[in-house]
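Could you build all of it, start to finish, from the sequences and the hints given here?
Spelled out from the first residue to the last, the chains are:
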Amino acid sequence: MKYAFYPGCLAQTEQFGCLLSAKETLGRLGLELETMDGSSCCGYRSYRFSSPITWHFLAARNMALAERMGLDILTLCNECNLSFKQVKDALSKDPQLKRNVDEALRVEGLEYNARNETYHVVEVLHDEIGVKRVSDSVENPLEGLRLATHPGCHLFRPKELGMPDEAEPHKLDALVEALGAETVDYPGKLDCCGSSMYTPDEGSKLKVARRKLRSVRESGLDGVVTVCPHCFRMLDTAQDESPGRERLRVPVIHYTQLLGLAMGVSTTRLGLQFNVSPVEQIYRL
Amino acid sequence: MRTQAGELVSLQVRRKRVKCLSPEINETEVRFISRMLTRLVGEMNATVCEQCGKCSSACPVSKMIEGFNPRRLIAKVSLGKIDELLRGDAIWTCTACLKCRERCPEDVSPYDVILILRNLAYRAGYGYPAGYDDFIEGVIGRGFISEPQAVRTRDGWKVSRGDLGLPEVSGPGDMAQFSAVVKGIIKAGRQG
Numbered sequence: 698m699k700y701a702f703y704p705g706c707l708a709q710t711e712q713f714g715c716l717l718s719a720k721e722t723l724g725r726l727g728l729e730l731e732t733m734d735g736s737s738c739c740g741y742r743s744y745r746f747s748s749p750i751t752w753h754f755l756a757a758r759n760m761a762l763a764e765r766m767g768l769d770i771l772t773l774c775n776e777c778n779l780s781f782k783q784v785k786d787a788l789s790k791d792p793q794l795k796r797n798v799d800e801a802l803r804v805e806g807l808e809y810n811a812r813n814e815t816y817h818v819v820e821v822l823h824d825e826i827g828v829k830r831v832s833d834s835v836e837n838p839l840e841g842l843r844l845a846t847h848p849g850c851h852l853f854r855p856k857e858l859g860m861p862d863e864a865e866p867h868k869l870d871a872l873v874e875a876l877g878a879e880t881v882d883y884p885g886k887l888d889c890c891g892s893s894m895y896t897p898d899e900g901s902k903l904k905v906a907r908r909k910l911r912s913v914r915e916s917g918l919d920g921v922v923t924v925c926p927h928c929f930r931m932l933d934t935a936q937d938e939s940p941g942r943e944r945l946r947v948p949v950i951h952y953t954q955l956l957g958l959a960m961g962v963s964t965t966r967l968g969l970q971f972n973v974s975p976v977e978q979i980y981r982l
Numbered sequence: 008m009r010t011q012a013g014e015l016v017s018l019q020v021r022r023k024r025v026k027c028l029s030p031e032i033n034e035t036e037v038r039f040i041s042r043m044l045t046r047l048v049g050e051m052n053a054t055v056c057e058q059c060g061k062c063s064s065a066c067p068v069s070k071m072i073e074g075f076n077p078r079r080l081i082a083k084v085s086l087g088k089i090d091e092l093l094r095g096d097a098i099w100t101c102t103a104c105l106k107c108r109e110r111c112p113e114d115v116s117p118y119d120v121i122l123i124l125r126n127l128a129y130r131a132g133y134g135y136p137a138g139y140d141d142f143i144e145g146v147i148g149r150g151f152i153s154e155p156q157a158v159r160t161r162d163g164w165k166v167s168r169g170d171l172g173l174p175e176v177s178g179p180g181d182m183a184q185f186s187a188v189v190k191g192i193i194k195a196g197r198q199g
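Respectively, the protein sequence lines represent chains A and B. Going from the first sequence to the working numbering is simple: count from 1 and add 697. Going from the second sequence to the working numbering is simple: count from 1 and add 7.
Keep in mind that the hints were calculated from the coordinates and are not lab data. Bear in mind the structure is a predicted one, so any value in this text is a computation, not a measurement. Any given hint could turn out to be false.
Computed list of lysine-lysine pairs in PhoX-like fashion (alpha-carbon distance at most 20 Å, straight line) [as the list claims (entries may be wrong)]:
{"no.": "1", "chain 1": "A", "residue 1": "K795", "chain 2": "A", "residue 2": "K782"}
{"no.": "2", "chain 1": "A", "residue 1": "K795", "chain 2": "A", "residue 2": "K785"}
{"no.": "3", "chain 1": "A", "residue 1": "K856", "chain 2": "A", "residue 2": "K886"}
{"no.": "4", "chain 1": "B", "residue 1": "K83", "chain 2": "B", "residue 2": "K61"}
{"no.": "5", "chain 1": "A", "residue 1": "K856", "chain 2": "A", "residue 2": "K782"}
{"no.": "6", "chain 1": "B", "residue 1": "K61", "chain 2": "A", "residue 2": "K886"}
{"no.": "7", "chain 1": "B", "residue 1": "K61", "chain 2": "A", "residue 2": "K856"}
{"no.": "8", "chain 1": "B", "residue 1": "K194", "chain 2": "A", "residue 2": "K795"}
{"no.": "9", "chain 1": "A", "residue 1": "K795", "chain 2": "B", "residue 2": "K190"}
{"no.": "10", "chain 1": "B", "residue 1": "K70", "chain 2": "A", "residue 2": "K886"}
{"no.": "11", "chain 1": "A", "residue 1": "K856", "chain 2": "A", "residue 2": "K790"}
{"no.": "12", "chain 1": "A", "residue 1": "K856", "chain 2": "A", "residue 2": "K785"}
What the simulated footprint calls covered on chain B by chain A, stretch by stretch (three residues with Cβ under 8 Å from a Cβ of chain A suffice, anywhere in the stretch; the number is not a length) [unchecked claim]:
{"no.": "13", "region": "33-39"}
{"no.": "14", "region": "82-93"}
{"no.": "15", "region": "100-111"}
{"no.": "16", "region": "144-155"}
{"no.": "17", "region": "160-171"}
{"no.": "18", "region": "189-195"}
Think of the CB as a built atom: it goes at the ideal place given N, C-alpha and C, for glycine as much as any other residue.
Put into structure tokens, the structure is as follows:
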């Protein structure tokens, strides 16, 4: 099983725990991840509001690169996944937009024919590898852990685009339970982490995230599991940023890090040293 | 309205007045687009949106941030208060989680309306949050919204991609060509 590997901006430039743990664990499950030479930002955060056509071009350009490799895309990022799906859909419905994008692609000798698909790592693990094989890869079952999952909005919204999970998302929970841990519902589970406020709203960007983290803590759970680098950054890295507030100290772990722990991979190889939240509470239990 | 934690905060968007030497659309066009939007949403409101508030009660942002309320935002559009919305901070506070669109019993989507308003605000030179420039310029300059950084571990040690045995980020290849194409399509989008 070979994919064009598209980690997304954050995993490549700063959220190394997401990248390291994905490479480490997906390889062990037999996935071949081919580097996409020539790839760039998918355009979602950078141009969606300022220049929609540039967003469409950038997403199409990345899909075209994968198409030239003859491969489907595997992305680690909920937002990139949504971006590629929305653009594929828009180009299929708007011939004029498609012509404009094609013209720009030709400058670099590329063409996009919508022959490939984009998959999020959660759907590859759940639908293709399968929960059983994930479970079979476990060396150290994570028994006794009670975890919250945070699927992230764009793993399941909008439903009309054929998202990785269903309207009542369950795949991440199944994948966590495959490792021997228990998943527990909590208020606000399907609410946004607030990551899109990270850039525009310095002052109150943490309010939405903290509401979520407080809910996890008040539910008495051991931590929260993420699957998108943006959600991870918002919940983990940013949780103690606002000065003068009570420190929430909620362990946040990325799913592939949790998977790696269960497989018996060393914490360093999973980038767990970069989690800012007290994640050692999870693996020292 | 207070949250259970009693800490509803006000919007604090750091706005940047874009030094738009020549705004992409002029005031007459903004007025025209505003009227169109108002008529469209107004009609939608009269026949469709009952201001039931499911969008606002679902919205994770309006629970925490005073001044952001998707139901009221739709009402403002239908009352023609577009200029107020374009000048204000609310349209930049939506996290695009799509919950409002999912919950709306009548298929009105505050999320889509907000995206249109953001684009209009940007193109008409109303200004946008400062942080986005890093993304816009970052992609032209290096292909990604941010540069590969050395990050610190929980214990405070600084580590780069190289220290972790990761190869350099494989960027867009011929950077000069890539930048030229991106700049070209941004320009084409303005004229289009």
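Each hint tested on the structure:
1. K795/A with K782/A: 15 Å, holds
2. K795/A with K785/A: 10 Å, holds
3. K856/A with K886/A: Holds, because 17 Å separates the two Cα atoms, which is no more than 20 Å.
4. K83/B with K61/B: Holds - the C-alpha atoms of K61/B and K83/B are around 17 Å apart, at most 20 Å.
5. K856/A with K782/A: Roughly 11 Å separates the two Cα atoms, so the pair holds.
6. K61/B with K886/A: Measuring from Cα to Cα gives roughly 18 Å; hence the hint holds.
7. K61/B with K856/A: Holds: K61/B and K856/A sit about 18 Å apart, inside 20 Å.
8. K194/B with K795/A: With Cα atoms ~17 Å apart, K194/B and K795/A stay inside 20 Å; holds.
9. K795/A with K190/B: Judged against 20 Å, a Cα distance of about 18 Å means the pair holds.
10. K70/B with K886/A: 15 Å, holds
11. K856/A with K790/A: Cα-Cα ~18 Å, so holds.
12. K856/A with K785/A: Holds. K856/A to K785/A sits at ~15 Å (cutoff 20 Å).
13. 33-39: violated (count 0)
14. 82-93: violated (count 0)
15. 100-111: holds (count 9)
16. 144-155: holds (count 8)
17. 160-171: With 7 residues close enough to chain A, the hint holds.
18. 189-195: Holds: 5 residues of the region 189-195 of chain B have a Cβ under 8 Å from chain A.
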